[in-house]
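Q: Hints are included, so try docking the two chains, each in its own frame, into the full complex.
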Amino acid sequence: MTAIGATMSLFVEGLLYRGREGHLSYIGHRLAGLGTLLFLAIHIVDTSSVYFGALLGVPEMYSHAIDIYRSPLFMVGEIVLVAAVIYHGINGLKIILHDTFPHWWNKGFERQSFWKVVAMTLLLWAPAAYLMGRSLYLHSICRCPPVETADVTASTNFAVTAIPLLFFAILAVLIVGGKLLAPAPAGRRVAAPPKTLDTHIWQFMRWSGVLLIPLVWIHVAIQDVLVGVHAIDLDFVALRWATLGWRLYDIALLGFAFGHAILGLRNVTNDYLANPVWNRRVKWLLIIGWLVITAIGAVAIVGGVMRPE
Amino acid sequence: MKVTLKIKRFNPEADQKPHWESYPVEVEPTERLLDALHQVKWFQDGTLALRRSCAHGICGSDTMRINGGNRLACKVLMQDIVKDGGTVTVEPMLGLKVIKDLIVDLEPFFAHYRSVMPYVVNDEALPEDGRERLQSPEARERFDQGTKCILCAACTTACPSFWSNSTYVGPAAIVQAHRFIFDDRDRATDERLAVLNEQFGVWRCRTVFNCTEACPRDIPVTQLIGEVKRALATGRVE
Numbered sequence: 000m001t002a003i004g005a006t007m008s009l010f011v012e013g014l015l016y017r018g019r020e021g022h023l024s025y026i027g028h029r030l031a032g033l034g035t036l037l038f039l040a041i042h043i044v045d046t047s048s049v050y051f052g053a054l055l056g057v058p059e060m061y062s063h064a065i066d067i068y069r070s071p072l073f074m075v076g077e078i079v080l081v082a083a084v085i086y087h088g089i090n091g092l093k094i095i096l097h098d099t100f101p102h103w104w105n106k107g108f109e110r111q112s113f114w115k116v117v118a119m120t121l122l123l124w125a126p127a128a129y130l131m132g133r134s135l136y137l138h139s140i141c142r143c144p145p146v147e148t149a150d151v152t153a154s155t156n157f158a159v160t161a162i163p164l165l166f167f168a169i170l171a172v173l174i175v176g177g178k179l180l181a182p183a184p185a186g187r188r189v190a191a192p193p194k195t196l197d198t199h200i201w202q203f204m205r206w207s208g209v210l211l212i213p214l215v216w217i218h219v220a221i222q223d224v225l226v227g228v229h230a231i232d233l234d235f236v237a238l239r240w241a242t243l244g245w246r247l248y249d250i251a252l253l254g255f256a257f258g259h260a261i262l263g264l265r266n267v268t269n270d271y272l273a274n275p276v277w278n279r280r281v282k283w284l285l286i287i288g289w290l291v292i293t294a295i296g297a298v299a300i301v302g303g304v305m306r307p308e
Numbered sequence: 000m001k002v003t004l005k006i007k008r009f010n011p012e013a014d015q016k017p018h019w020e021s022y023p024v025e026v027e028p029t030e031r032l033l034d035a036l037h038q039v040k041w042f043q044d045g046t047l048a049l050r051r052s053c054a055h056g057i058c059g060s061d062t063m064r065i066n067g068g069n070r071l072a073c074k075v076l077m078q079d080i081v082k083d084g085g086t087v088t089v090e091p092m093l094g095l096k097v098i099k100d101l102i103v104d105l106e107p108f109f110a111h112y113r114s115v116m117p118y119v120v121n122d123e124a125l126p127e128d129g130r131e132r133l134q135s136p137e138a139r140e141r142f143d144q145g146t147k148c149i150l151c152a153a154c155t156t157a158c159p160s161f162w163s164n165s166t167y168v169g170p171a172a173i174v175q176a177h178r179f180i181f182d183d184r185d186r187a188t189d190e191r192l193a194v195l196n197e198q199f200g201v202w203r204c205r206t207v208f209n210c211t212e213a214c215p216r217d218i219p220v221t222q223l224i225g226e227v228k229r230a231l232a233t234g235r236v237e
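These protein sequence lines map, in sequence, to chains A and B. Counting from 0, one number per residue, gives the positions in the first sequence under numbering that gives the first Met the number 0. Counting from 0, one number per residue, gives the positions in the second sequence under numbering that gives the first Met the number 0.
Isolated chain B, as found in the complex (with noise of 0.2 Å):
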């Protein structure tokens, strides 16, 4: 199928704002859009920048506005999003500054992500045996949602809150928080509520369901910060 990529190009270099760019491609209805920017980069404009690493929805790297929406361009196929002669619309993810054309700067994403505390924290001495702490397999089903984040910013980017103010925390950070809160073996639960009790953290959020949308990996977002919501209001972690 013939079809045409409008891409939001802009380089810091050279110009004042961004602009648009069209380019034609020729895909399989089968293929990713990822394949279609790939034909744009090898074949057509080599300055055209992007980021993209294990190209299998995994790594994350790739999320961008497709059609006005946040996805993941190695998951997107073409069939799906345009017929053949029509046009798909590419932009860089919204709320973050864009270093160069779809390449945005994730610093501030990934600071409020270390401000949850992402990893288990329990200084109690271990298990008779000393090896690791075992976990029925309720306890881990209990927060089996969050583990599923792959931290491609689609969400916390997808956010009313979060591209009018960057310093709140974001649906992606609250996930993250949310996997450890409702892990029965972490010992700072008291702390990484601290973090989102505060005036940036999950009362920022206004439940507009974008983020649940945007999730390429089908995390349910804002029943986890409606749970995190709820455990701060009324400390039931469950």
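So here's chain A without its partners, still in its complex pose (with noise of 0.2 Å):
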């Protein structure tokens, strides 16, 4: 016990360390992580009731789960959750831009990407934040739902053009004011040693995060903000999954964005569970709970919606 209540006090003391943006954009990048992988593990078991609720003879299943969802609390909980989501990306977006041009680590310039992720984030999130509180407005306080159903066309259009364009900007404005101009250091080459499990892990880090801000934002950006909680519901999804294409990018989504909250766990039992022993039994469960999440997903992904006799 005194082993945990010491890492408990080095943990708070830690995050009492008078750090300047680089330290609140760690804890914010963690925290954002870590609030969104919580909501994709549920998100993914309860979508797959689509399939395995008629299975299981629960065919309402789904729709308990959505009603769950409608809830004023859980409304907040979403809109909260798209702030996460988009500081997570265009902060993990910083963060890979640095890593590639080291010398871009510098202090001014990590100072100023701070703020601009910040002002960014605020920026995008301040219009879905609009456009989902006005529903939860209307549906939870004034209780008077608009009659017009959302039109899933327009918004996936809208999604799907305006979201590549962001990733884009957002891109060069990250670019801008950065040391673009200034040489990298010229030097020599030697042979790289070997990779290990963590080089690799690294890379796909990297890698996946690039391709998740496009995959996961047009995801949120047409199921969360522009059609609704309200809106969604078995027929929804059957009509997406209807599309060849829409099965395949939730495959995609879910295995790379499942992959890399699970590596990003990780790296959290990795920094905080020091003792050999427990480190490696969670990790175990770690690969064991992404197993399991991952295949209930895939297998609801590909089964589709199934509908009760």
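There is no bait here: all hints are sound.
Once the Cα atoms are required to be at most 30 Å apart in a straight line, the calculated BS3-like pairs of lysine-lysine come out as: (1) Lys40(B) with Lys1(B); (2) Lys5(B) with Lys16(B); (3) Lys194(A) with Lys282(A); (4) Lys106(A) with Lys74(B); (5) Lys1(B) with Lys99(B); (6) Lys96(B) with Lys282(A); (7) Lys1(B) with Lys74(B); (8) Lys96(B) with Lys16(B); (9) Lys147(B) with Lys106(A); (10) Lys82(B) with Lys106(A); (11) Lys74(B) with Lys99(B); (12) Lys5(B) with Lys40(B).
No lab work stands behind these hints, which were simulated from the structure alone.
A: Here it is as structure tokens:
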């Protein structure tokens, strides 16, 4: 117990360390990542009930899950979730850029980049929060839901066009003011040492991170912001999965997002669980959790929406 | 100016856990925190334990958490950290075992330093004149940043990865490794990169940037770590 107490007090002292923007950005990145992971795991399982619900003899399972998401508490949580997803994405992109050009890791640029990330997050989050807050107000507070249903095709087209554009705009903003013009120091080449597991994981986190920005943001923009949880039901899922492209999209999302999340949790485990025995046990749990939840999600996407006879 | 020093005290022979003690001192605004600590130790409470040697920012002995962040007590002017009548908090570095008051056990830190082989390794025959291995000014410039390190441990004990697990090699040792990896006279690049490629090597870096902010020598620590990561990922030592 004393060991746990000591770790906790060290953890708290660490949080109170008077770092600057970098420390804030790190704490924010972790919190946003952990929060998103928690939601993601639940979300994969409950969405899978479109397939498993009927199979298990509980065909109304999915609508139960959606009812919970429609409660005011969860809708507020969803608005926070969108902020987390936006921040984690932009801040991650900043880290990837700085890692690609290490000479950008200098005091002035790092501090400036943090504020750019915060500003862009707020800028993107504001309209999303407005739309979601409006939906929350209409459905839960004044209880006067609009009669017209969400135009899924228009929303999809908008998201698929706008988000790649946004992605490049963010990339440009992060690069502008950087040291792109300053030449990287010259040097020589050596044989790269054999890559270890940690090298591969580090690289996967970066590649998947770049890929996940459009993948996750398009998904979130359509499902959470533009269409909204009140317009989502079994029919909506069936309609989307009628297109092979969206099934492949969801498979990619499942693989990369959940893989990225589990490896992120592996980093957190390594950071805070120094005891080698427990460290190994928790990592095995992570692998098992990853396999089980990914399998559940994959079976549901392949199986599609099952309805009672 | 009259200020209060609030110092975290810990005497392993008497205390269960650390406690705070406050000392009023009168200092010139242009005096350093170290001078204020000397006032406490010399005239108020001789039992206060702290490390310092040169007192001029070169030996790197008096790193401590000053108002919550790692600084050298001998390089911090009172006027920059506190107003008249204010309070300065002083604590030992985080992540290393406290021996007494502001003194921590630096051995894990130096063990990591030794692990990256902080010396030039070159078994090749000497140049024909039998004298030193010459190096171009550009090649010398390439690793200049790392040579400024005074091993004060401010970066390593500012690092969240190191706080939670002191098995992590830490920023200072990576800076030292960088200094030799990027030295074109050195021939042990592979061995050093292999050390940093291990589970507790550079991949534990979460780019928190506390190291760069804490460095009293203005070494761009995160940048140097980034260059080592890139060298590991791509083989480009440039």
